[in-house]
Amino acid sequence: MTAKISYDAVEVGTEVPTREFRVNRADLVRYAGASGDFNPIHWNEKFAREVGLPDVIAHGAYTMAQAARVVTEWAGDPGALVEYGVRFTRPVVVPNDDKGAVIEIGAKVTAKLDDEARTVRLDITATSGGQKVLGRARAVVRLV
Amino acid sequence: MALDQSFVGRTYPPTAAYEVGREKIREFAESLGDTNPVYTDPEAARDLGYPDVIAPPTFIFTITFKAAGKQVVEDPQLGLDYSRVVHGDQQFEYTRPVRAGDRLRVTSIIDSIKSLAGNDILSVRGEVHDEAGDHVATSFTTLVARAADAEVEESR
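Same order as they appear, the protein sequences are chains A and B.
Residues in the first sequence are numbered consecutively from 1, following UniProt numbering.
Residues in the second sequence are numbered consecutively from 1, following UniProt numbering.
I should point out that these hints are in silico values taken from the structure, not numbers from a laboratory.
Result set (DSSO-like, lysine-lysine): computed pairs, CA atoms no more than 27 Å apart in a straight line:
(1) A:K4 x A:K108
(2) A:K46 x A:K132
(3) A:K46 x A:K99
(4) B:K114 x B:K66
(5) A:K99 x A:K132
(6) B:K70 x A:K46
(7) B:K24 x B:K66
(8) A:K132 x B:K114
(9) B:K66 x A:K46
Generate coordinates for the entire structure from the input sequences, incorporating the hints supplied.
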């Protein structure tokens with residue numbers, strides 16, 4: 001409950017540097033096991049195509065988790081997150097090769113919400129292959 | 001076929017307690033490649049003021065999704081086609097992080113049902129409470145059951 005960033009030191013416009021996260025089929029299988037979401041669209045190419053998807057796609061919650069990481073590592077305490085939400089605008093397609101897909105995630109402080117609660121809002125951007133994969137991705141974090 | 005609007009507002013009974021274990025949190029963090037010690041090292045967690053290791057923020061989704069899956073998505077009366085379901089939108093409000101040793105129950109509520117261009121759009125809220133009955137987090141999940149091709153044709 002102790003973020004390492006001081007509310008007073010943060011300004012609207014403060015940026016969290018963009019990072020790259022690489023995801024391959026093995027990562028998705030591991031995440032399926034850890035999360036309990038075994039929907040075959042995340043590991044079975046034949047099934048994914050049969051229901052009209054271009055290929056296997058990453059769990060939305062997987063992309064969301066990586067986007068959260070950019071914020072929690074910046075704040076210094078994952079428990080400082082007060083609110084977090086995303087819209088899954090486009091699936092992250094994960095081809096069956098040694099490269100997989102790359103998700104680029106960055107964030108920016110867009111509002112200082114409450115001087116007393118010391119909360120700030122960050123808008124997160126996440127793209128894969130140049131396409132936006134998360135929409136309205138926002139986090140509210142309580143700073144010290 | 002559009003889902004029955006009369007399901008809006010339906011509240012399912014609280015789930016049996018989900019017991020959060022240190023190794024499950026470790027497994028989840030490792031699946032993300034997230035090496036923050038607060039997820040795996042009780043000492044690091046205590047340094048931040050927590051009684052034990054905490055879970056990554058989206059871990060709660062695995063519990064609320066399981067609850068929604070078992071009770072809502074698989075509700076035969078509701079009749080959602082899970083094979084065509086994708087995750088549309090996800091929000092969380094946190095009172096505190098999930099931590100090892102928690103015994104969590106989820107109450108799932110259907111907030112809304114919409115039909116757009118043949119797609120069924122279902123919003124489910126999951127209220128998560130600990131054993132003492134204290135609020136831990138609320139999850140807002142939107143699931144989209146994409147129209148089968150034939151149904152898209154019909155809706156045009």
